[in-house]
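Asks: Residue numbers (my numbering): 3 to 178.
These aren't lab readings, by the way, just hints derived from the structure by calculation.
The reader is advised that the hints may include incorrect statements.
[As the list claims (entries may be wrong)] Restricting the straight-line Cα-Cα distance to at most 25 Å, the calculated cross-link-like pairs of lysine to any residue (SDA-like) are:
1) Lys130 x Thr141
2) Lys57 x Gly103
3) Lys117 x Asp60
4) Lys92 x Thr153
5) Lys130 x Leu93
6) Lys177 x Asn90
7) Lys92 x Gln166
8) Lys57 x Gly108
9) Lys42 x Asp60
[As the list claims (entries may be wrong)] What follows is a list of derived Cβ distance ranges for each label pair:
10) Tyr78 x Asn123: 34 to 40 Å
11) Gly61 x Leu101: 32 to 38 Å
12) Lys57 x Pro106: 16 to 22 Å
13) Thr113 x Pro39: 41 to 47 Å
14) Lys107 x Glu52: 35 to 41 Å
15) Glu59 x Asn136: 20 to 26 Å
16) Asn90 x Asn110: 35 to 41 Å
17) Thr56 x Ala137: 17 to 23 Å
18) Asn72 x Lys42: 26 to 32 Å
19) Glu70 x Ala137: 24 to 30 Å
20) Ala46 x Thr109: 36 to 42 Å
21) Ala151 x Ala114: 38 to 44 Å
22) Thr113 x Thr68: 36 to 42 Å
23) Glu171 x Pro106: 26 to 32 Å
By construction, the Cβ of each residue, glycine as well, lies at the ideal position given by its N, Cα and C atoms.
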Amino acid sequence: MMRRVAAMAFMFAVLGSSLPSGAQQSQGAEKQSQAQPSGKKLEALFTAAEMPFTKTEDGRYIAVITVENNESERFYVYLSALGDDVNNEKLQIITMDFLLGQLPKGTNPSTALIKQIAQWNANLTFGKVVVYGNAIVYTNSTWLARSDADTLALDAALGHYASQDLRKEVAPYLKQ
């Protein structure tokens, strides 16, 4: 069941990214103005988890997770809704993106990298590796309604450690 929900969420994200930029911006502005309560809850979770964050103009967040030995990582967070009711907190999803690396501008991922991403995704128990444009990203998602400060911090820490390991594995593919 969770796999199906995650697949649906991914499909919505992919379909949303294929809209013309003007349509995305008008939809984003409409959803952002309606989704203020969810954004406020996410901001409260960041504050309670003692995770510094900033909100971008498009309504996304840039947050920082600090783990042992004062090791920190910046990652990207955004809210999305399943369905049309952006005010229904039970259908809000928090997505965290951790940058693994970037392909040179104007290049496509190699066949070897695509195969490796499929292998990583088959073996990851939490999150997935995806390519957005020229960025290779580790992404994970969770329900906003079921999140508290501890689970947000735990999900961010898990994302940090997973992306740390994946960065080492992705590096050789970026040099090709």
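Asks: Work down the list of hints and note, for each, if the structure agrees.
Replies: Each hint tested on the structure:
1. Between the alpha carbons of lysine 130 and threonine 141 the distance comes to roughly 5 Å, so the proposed pair stays at or under 25 Å and holds.
2. Taking the CA atoms of lysine 57 and glycine 103, the gap is about 23 Å. The hint holds against a cut of 25 Å.
3. For the proposed pair lysine 117 and aspartate 60, the alpha carbon gap of about 33 Å is over 25 Å, so the pair is violated.
4. Pair hint lysine 92 plus threonine 153 holds up; C-alpha atoms about 16 Å apart against a cutoff of 25 Å.
5. Under the criterion of a C-alpha separation no larger than 25 Å, the hint pairing lysine 130 with leucine 93 is consistent with the structure, at around 20 Å.
6. Simply put, lysine 177 and asparagine 90 have alpha-carbon atoms about 44 Å apart, too far for the 25 Å limit, and the pair is violated.
7. Using a Cα cut-off of 25 Å, the hinted pair lysine 92 and glutamine 166 is violated, with the two alpha carbons roughly 31 Å apart.
8. Proposed proximity of lysine 57 and glycine 108 is contradicted: the alpha carbons are some 29 Å apart, above 25 Å.
9. A distance of roughly 15 Å separates the Cα atoms of lysine 42 and aspartate 60; the hinted pair therefore holds under the 25 Å criterion.
10. The hint said 34 to 40 Å for the Cβ distance between tyrosine 78 and asparagine 123, and at roughly 19 Å that hint is violated.
11. One distance hint, 32 to 38 Å for the beta-carbon pair glycine 61 and leucine 101, is violated here, with the actual separation near 19 Å.
12. Here the CB-CB span from lysine 57 to proline 106 is close to 30 Å, at odds with the stated 16 to 22 Å.
13. A C-beta distance of roughly 45 Å is found between threonine 113 and proline 39, which places it inside the suggested range of 41 to 47 Å.
14. About 37 Å separates the C-beta atoms of lysine 107 and glutamate 52, a value consistent with the hinted range of 35 to 41 Å.
15. Taking 20 to 26 Å as the suggested C-beta distance range, the pair glutamate 59 and asparagine 136 conforms, at roughly 22 Å.
16. Asparagine 90 and asparagine 110 have their C-beta atoms about 38 Å apart, which keeps the hinted 35 to 41 Å range intact.
17. Evaluation of the 17 to 23 Å hint for threonine 56 and alanine 137 yields a pass: the beta carbon distance comes to about 19 Å.
18. A hinted range of 26 to 32 Å holds for the C-beta pair asparagine 72 and lysine 42, which are about 29 Å apart.
19. Between glutamate 70 and alanine 137 the CB atoms are about 27 Å apart, so this pair conforms to the stated range of 24 to 30 Å.
20. Judged by the Cβ atoms, the range 36 to 42 Å given for alanine 46 and threonine 109 holds: they are separated by roughly 41 Å.
21. Restraint check, alanine 151 to alanine 114: a C-beta distance of roughly 40 Å satisfies the suggested window 38 to 44 Å.
22. Checked against the hint of 36 to 42 Å, the C-beta distance between threonine 113 and threonine 68 comes to roughly 38 Å, which is consistent with it.
23. Evaluation of the 26 to 32 Å hint for glutamate 171 and proline 106 yields a failure: the beta carbon distance comes to about 19 Å.
Violated hints, in rising order: 3, 6, 7, 8, 10, 11, 12, 23; the structure is consistent with all others.
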